[in-house]
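Chain B: place on chain A using the hints.
Chain by chain, the residues:
Protein chains: 2
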Amino acid sequence: MSLEFDGPVPLHVQLKQILRDEIMNGYYKKKIPSERELMEHYSVSRTTVRMAVSMLVHEGILEKSHGKGTFISNVPVQDWLGSFSSFTETVKNMGMKPGSKLLYYGKKSIPEKIKQVLEVEEFYLIERLRFADDIPMAIEKHYYSTEIGNELEKYDLDSAVLYDVLESSLGINLWKAKQSITSGQAIEQDSKCLDIPESSSVLLSERLIYDPNGKPIEFLKSIFRPDMYSFNIEMMRTRE
Amino acid sequence: MSLEFDGPVPLHVQLKQILRDEIMNGYYKKKIPSERELMEHYSVSRTTVRMAVSMLVHEGILEKSHGKGTFISNVPVQDWLGSFSSFTETVKNMGMKPGSKLLYYGKKSIPEKIKQVLEVEEFYLIERLRFADDIPMAIEKHYYSTEIGNELEKYDLDSAVLYDVLESSLGINLWKAKQSITSGQAIEQDSKCLDIPESSSVLLSERLIYDPNGKPIEFLKSIFRPDMYSFNIEMMRTRE
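Here the protein sequences line up with chains A and B, keeping their order. Reminder that position 66 of the first sequence reads as 65 in numbering that gives the first Met the number 0, one-by-one numbering, no gaps. Reminder that position 200 of the second sequence reads as 199 in numbering that gives the first Met the number 0, one-by-one numbering, no gaps.
Hints were generated in silico from the structure; no laboratory data involved. Just so we're clear, the structure is a prediction, and the values are computed from it rather than from any experiment. Among the clues, some could well be false.
Chain copies aren't distinguished; within one or between two, either way the pair holds.
Claimed, not checked - No farther apart than 30 angstroms at their CA atoms in a straight line, the calculated lysine-lysine pairs in the BS3-like style are these:
(1) 100 / 191
(2) 114 / 63
(3) 214 / 67
(4) 214 / 191
(5) 177 / 96
(6) 30 / 112
(7) 91 / 177
(8) 177 / 112
With the rest of the complex left out, here is chain A:
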């Protein structure tokens, strides 16, 4: 990619966008090239390079290490806990473009645990691969009662924003959620979808959403690429 030297977009903004795309696509491994290399490669001034880089530092995509160069921060998507959001909302908050690809939908009756959690005899699964700026980030398995599943099925599940449909179209009040976060090892199918080596470490989350009457509405199991996703929170100290 090259810069438009007579276009309306300032050079440092163009350079920033190019570097950002290259970083997100895994073009660089740990570091970006030196200032001098970037100046020569893109035929721009040191000032332009510095402005572009410092914008990416500010966005949390790069980190400067004194005397060692500029490193790629590990985790572009920050999921802020404290209130719960959909993947779509989380990715939009990062200034990235959300996307999804339907992997499975339909009724199921195993695993047993899902039936216990949702308090149903049979359930509905919608499994999607989720993207941020076209990079695979997560696999989300949404479990619902068959009643809700049959309604959701009427929408285009490849692109539907499920929480919008639940809240706006089905009039369901997504009130409270209990979430648990740990990690595990990717199985073959998941690692293929997420484009990571088999047996890689993956970040795992389980979340149960209730309506205001305490009725379980959705159980969500998510598998995240840990190099691309983190959970974040600000907390006060417990006083006892």
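The following block gives chain B in isolation, referenced to the frame of chain A:
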């Protein structure tokens, strides 16, 4: 281990404790033996077995799966986010015994990132292996300014509850924390300490604690066994 049939402790409580220790020590892999097997092995009634097992289900250590048996829940230690606690407090809240072993203490000047985060030129590291009921659960790397580190050094770092010392003895107000959670692959040294296979998935956390003036007090990097530790939170829905 066997039961005391003429002791003061009810049989189901004794059996519960034995099963709990066996589970926590990894004696069983995924399931515990059937009711009949436990009855025969410990020479107790079905009622005793059921009471012991249902206490462990209630504690979240076991899960029953209809027609398939009783499974070991993955994650005994639940770290509830929302307010921040020390490892000692978290483990005590689970009804388990906290423990620690000092791995390293002293001044350091790399990695660079720590200096930036703590806003210092040199820092102090206290690295400890943490236990719950004598099972290795986590490696905690506490980073402080050298000023604080020099004070902490006066205590027995193998057993000191660092937040107690900071708050009660040094009069530091641990006010607010920013925490980030993701996962990664264990390196050789960490996997040995945690008694897990090399390259296992580990749960990773970084937390920066500030005093009420916004001055960074502690940066904490933790590595958790994901089969033993999870982060948990209850949240309301974001309204926009």
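How the hints compare with the structure:
no., hint, in the structure
1, 100 / 191, "within (14 angstroms within a copy, 40 angstroms between copies)"
2, 114 / 63, "between (49 angstroms within a copy, 12 angstroms between copies)"
3, 214 / 67, "between (54 angstroms within a copy, 26 angstroms between copies)"
4, 214 / 191, "neither (35 angstroms within a copy, 44 angstroms between copies)"
5, 177 / 96, "both (27 angstroms within a copy, 26 angstroms between copies)"
6, 30 / 112, "between (44 angstroms within a copy, 15 angstroms between copies)"
7, 91 / 177, "both (23 angstroms within a copy, 22 angstroms between copies)"
8, 177 / 112, "within (16 angstroms within a copy, 33 angstroms between copies)"
Checked against the numbered hints above, the structure breaks only hint 4 and satisfies the rest.
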